[in-house]
Amino acid sequence: PMAKGGSVRGVLQRGVSGGPLGFAPFLFVGLQGPSVNDLGYLLGLGDGDPHHIVLRKGALSGGLPDIPPGTQGVLRRSTGTFMPGTWLHLRLDMVVNLNGDVLLQVFQNNLTSNPLGGAPSWQAIPGMPEFIDDALGINSGSQPFTSGRAGFGFFTKDVTRRGFLDHVEAFRQL
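The C-terminal position of the sequence shown is numbered 177 in my numbering, with every residue numbered one higher than the one before it.
Since the hints were made in silico from the structure, they are not lab data.
Virtual Cβ for every residue (Gly too), placed ideally from N, Cα, C.
Please note that the accuracy of each hint is not assured.
[Unchecked claim] Estimated spans, in silico, between C-beta atoms of each pair:
id : residue 1 : residue 2 : range
1  : Gly-103   : Thr-159   : 22 to 28 Å
2  : Ser-145   : Gly-88    : 34 to 40 Å
3  : Thr-115   : Thr-159   : 25 to 31 Å
4  : Gly-22    : Leu-139   : 25 to 31 Å
5  : Ser-124   : Asp-161   : 16 to 22 Å
6  : Pro-37    : Val-98    : 21 to 27 Å
7  : Thr-74    : Val-162   : 25 to 31 Å
8  : Glu-172   : Leu-106   : 29 to 35 Å
9  : Thr-115   : Gly-36    : 37 to 43 Å
10 : Thr-159   : Asn-102   : 36 to 42 Å
11 : Thr-82    : Ser-145   : 42 to 48 Å
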């Protein structure tokens with residue numbers, strides 16, 4: 004667990020599977036407990052065909068519905084879509100401000116021009132500007148998470164679904 008804020012990064016893929024829907028690999032930060040039913044901030048590859056990158060505030064057990072922001076805890080969704088088998092290097096930063104607001108920033112590294120093993124070149128994800136989860140709970144509909152756990156997960160609601168993760172890193176805010 005982190006006392007406040009942090010960053011989680013990793014390479015994710017929605018693998019070619021027995022079907023195009025019913026699964027989502029993701030990274031998380033700010034998870035409020037050890038259970039899959041606990042709430043946190045999730046960033047990953049949405050449950051869609053083709054899929055978007057999705058930022059959601061919710062339980063790990065709820066996965067990442069690939070729907071427009073504003074419902075089911077979805078805070079942001081990329082404008083670009085991706086086909087199964089595409090590797091994406093993603094980063095989610097949870098910055099806790101002194102006033103109690105939490106700034107959520109998401110980035111992507113282009114693996115073609117900056118392969119793993121070198122220094123990543125983090126770029127903003129089109130359609131996913133920073134999100135301020137304000138201390139009053141207005142923007143997301145609930146109070147922000149200012150501490151918690153970081154890691155990775157995989158949501159599935161069907162058989163023969165594949166998600167892959169690699170090069171996962173977690174950092175805490177000092």
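Hints and how they fare:
no., hint, result
1, Gly-103 - Thr-159: 22 to 28 Å, "violated (35 Å)"
2, Ser-145 - Gly-88: 34 to 40 Å, "holds (35 Å)"
3, Thr-115 - Thr-159: 25 to 31 Å, "holds (29 Å)"
4, Gly-22 - Leu-139: 25 to 31 Å, "violated (41 Å)"
5, Ser-124 - Asp-161: 16 to 22 Å, "violated (36 Å)"
6, Pro-37 - Val-98: 21 to 27 Å, "holds (24 Å)"
7, Thr-74 - Val-162: 25 to 31 Å, "holds (27 Å)"
8, Glu-172 - Leu-106: 29 to 35 Å, "violated (19 Å)"
9, Thr-115 - Gly-36: 37 to 43 Å, "holds (38 Å)"
10, Thr-159 - Asn-102: 36 to 42 Å, "holds (39 Å)"
11, Thr-82 - Ser-145: 42 to 48 Å, "violated (26 Å)"
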